[in-house]
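*Asks:* Here's the letter readout for the chains.
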Amino acid sequence: MKMAESLEKLHNRILSDAKLKAAGVVEQAEDKSKQVLDEAQAQARRDANDILAKASLEAESIRRSILSSRIRGNRLRILDEKNKIVQSVLKSVEQGLSDIVDSDQFESTLKRFVAEAVEAVGTDNAVVRIGFRNADKKSLQSLGQSLPKGTKLLVDETAIDDLGGVVASDPEGKMIFNNSFRARLERLDNQLLTTISSTIFGE
Amino acid sequence: MSGIEAVRKIVETEAQAKRIVEEAKSRAQEILASASEEARKIRQASTAEAEQRRVEMLRETREKAEADARSSDVETDSLLESYKKLFENRKDAAAKKAVELILGN
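These protein sequence lines are chains A and B, in that order.
For the first sequence, this note's numbering assigns the number 1082 to the initial residue and increments by one for each residue that follows.
For the second sequence, this note's numbering assigns the number 228 to the initial residue and increments by one for each residue that follows.
Hints are all accurate, no fakes.
Cross-link-like lysine-lysine pairs, in silico, BS3-like; alpha carbons within 25 Å at most:
1. B:K324 - B:K312
2. B:K318 - A:K1172
3. B:K245 - A:K1102
4. A:K1219 - A:K1230
5. A:K1113 - A:K1102
6. A:K1233 - A:K1192
7. A:K1115 - B:K268
8. B:K324 - B:K311
9. A:K1100 - B:K252
10. A:K1172 - B:K323
11. A:K1090 - B:K236
12. A:K1165 - B:K323
13. A:K1115 - B:K252
14. A:K1163 - B:K312
15. A:K1163 - B:K324
16. A:K1163 - B:K318
17. A:K1219 - A:K1192
18. B:K312 - A:K1165
19. A:K1102 - B:K252
20. A:K1192 - B:K323
21. A:K1165 - B:K324
22. A:K1192 - B:K324
23. A:K1255 - A:K1233
24. B:K236 - A:K1100
25. B:K324 - A:K1172
26. A:K1233 - A:K1219
27. A:K1135 - B:K291
28. A:K1163 - B:K323
29. A:K1172 - B:K312
30. B:K245 - A:K1100
31. B:K268 - A:K1135
32. A:K1113 - B:K252
33. A:K1090 - B:K245
34. B:K236 - A:K1102
35. B:K311 - A:K1163
36. B:K245 - A:K1113
37. A:K1100 - A:K1115
38. A:K1100 - A:K1113
Source of the hints: derived by calculation from the structure; they are not laboratory data.
Quick caveat: nothing in here was measured; it's all calculated off a predicted structure.
Go ahead and model the full structure; you've got the sequences and the hints to work with.
*Replies:* Set out below in structure tokens:
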């Protein structure tokens, strides 16, 4: 009877140890399982954040690519149109200067241009060349009477620099002052563009 | 109970105990395999969702940029139209001022 009891206890003990060990194995697996899932979720969040961060950069790049090319194109269209307008006004200005011969301010303007040119050359015996389209040669030559003594007047058949004007030099031609309309247009280029732009565009 | 019978019973019990532990190990393997599979699905689902959001984000960005670009086109067209009107209205005044500047009046 005693041996049977001892055997039963041993039987129960062996099974109890086995169940305990089994429970430990399963519990360990469950802990490991929870750890794997936690790590997976954390990694999934990191992966998703990486994808979205890259997407954000990609989106900014796409936005810039679409907008910058269009905005650049539109800026060019605006500059092109402004330039066309300014060039068109400049054509009118050139025409207006060419036509000044027919206006009543021609004579006074011519005298002023000559005086400026002679003063710029700074010699007593300057050579003054004048030439305007459709100008009456006789009236141009009459200008000679108003020039300082020693100044030589030459009247060209054609307009100086296409638009007309005055060129003064010393007798050797070393010192030249070009006071043609074209030369004045070039000298006053910046002021001219500012004047035209501010008048047309109010800038 | 004879000694042989007792030994046989202990051997049987040991075998039963071994089975219990082996079954637990097997169960543990299943738990880990299942967790591994679930982890894979979690990452896959998260990546798929993020990719979907990425596609949506890029689509919205492209549409917004295109709309802004069209708006810039419209603004530019309007500005160019106003330039043409300004030119027509002010070209004579501009040319007159420019001529006066060149003449030095």
